[in-house]
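Chemist: Here's the letter readout for the chains.
Protein chains: 2
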Amino acid sequence: MCNLRAKPSPGLPEETALTISLYQSSVPVFERCLATFLTILDKAAAHAAAHKVDPSVYLATRLRPDMLPFVRQTQIFCDGAKNTSARLAGVEPPKMEDIEASIDDIKARIHKTLDFIKTLKAADIDAAADRDIIFPRGPNKMKMKGADYFLHFALPNFYFHLTTAYAILRFNGVDIGKSDYLGEIPRISQA
Amino acid sequence: MCNLRAKPSPGLPEETALTISLYQSSVPVFERCLATFLTILDKAAAHAAAHKVDPSVYLATRLRPDMLPFVRQTQIFCDGAKNTSARLAGVEPPKMEDIEASIDDIKARIHKTLDFIKTLKAADIDAAADRDIIFPRGPNKMKMKGADYFLHFALPNFYFHLTTAYAILRFNGVDIGKSDYLGEIPRISQA
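These protein sequence lines are chains F and C, in that order. Following the numbering used here, the numbering of the first sequence begins with 27 at its first residue and continues without gaps. Following the numbering used here, the numbering of the second sequence begins with 27 at its first residue and continues without gaps.
Chain F with its partners taken away, still in its complex shape (with noise of 0.2 Å):
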């Protein structure tokens, strides 16, 4: 059922090498992304104190009133990351409530979501290239390949409510910049 090398995507040159593994382009982004998200949630919590505003009204703000405020953001990337890292590995994803409702509950469920994450096997996501991933979409269950699920469809959607969330910060007024929303880029040096 699980190949532990997996074929290209159909429709991908035939002479395609597999050249990267689908557990280092998953967890360890999740974690650097995740792990540099509290400090950017330090610098928003700093900034409400200096400006005396109650960091829940920065919980609520939306962009757009039919946008999804930061702290659905948060909470919906954090699902990224879990649900992905487990659906490719095969396990099922574990349930977290929304119930956030401070910055310091945000970093909570982001350590539960760090922790969760690096239990899962390597071995057991890499595995997961070629096989059918299951997962919600709307009303439906969908269907696609590990490979394609996760680069078409999972880390956009990660990707877009870390944005997101990182935009609303910034709109408020918070002192973060890019290097804030990269993290500790590793294993990067001066040529």
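Treat the hints as calculated values from the structure; they're not laboratory data. Treat the hints with care, since some could be wrong.
Claimed, not checked - PhoX-like mimics (lysine-lysine), calculated; alpha carbons at most 20 Å apart, straight line: (1) F:204 - C:167; (2) C:204 - F:169; (3) F:167 - C:204; (4) C:121 - C:144; (5) F:144 - F:121; (6) C:169 - F:204; (7) F:204 - F:69; (8) C:133 - C:144; (9) F:121 - F:138.
Start from chain F and add chain C according to the hints.
Modeler: Same frame as chain F, but now just chain C:
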């Protein structure tokens, strides 16, 4: 100098298998995102016409005075797709001037970017996973292995500017939603 089969990055578990390709993770992803942004731009043009707004207002919109305007976000994500794909392929990225002044100009830039990345060879990009990539970051020249560069610098940057561009149009009231952002998801079906 270039290994067709890259070893897992340092720090990854030994059992990590190579299960997807760097080409598969980059060019087709950029293609989907850029192609769908053409549709988003058509919706922006239609929205401007319906509301008798000069579309150049959208090009100049920023979420904050010290954030980049919409037109720069689109130039940067186009350059992200172009430069990332070129560097991974070991090709000098062609320079494109930042002269867009209309929605049609941005569409033309996207088409030029799509035309360029389609010329790159999958095997050249796949050979980059363990090769040093040199790239500018602010005033510095930085160095990373291809897989790290792609996963922890280039792709998060690309999605950052793509999502911010989307958010600016959304903020301006353009009638777009998540499915416009995701575009045509390949090989998805109902389970």
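Chemist: Give a verdict on every hint.
Modeler: We went through each hint and held it up to the structure:
| no. | hint | in the structure |
| --- | --- | --- |
| 1 | F:204 - C:167 | holds, 17 Å |
| 2 | C:204 - F:169 | holds, 18 Å |
| 3 | F:167 - C:204 | holds, 17 Å |
| 4 | C:121 - C:144 | holds, 16 Å |
| 5 | F:144 - F:121 | holds, 16 Å |
| 6 | C:169 - F:204 | holds, 18 Å |
| 7 | F:204 - F:69 | holds, 14 Å |
| 8 | C:133 - C:144 | holds, 17 Å |
| 9 | F:121 - F:138 | holds, 11 Å |
Going through the hint list in order, the structure satisfies each hint without exception.
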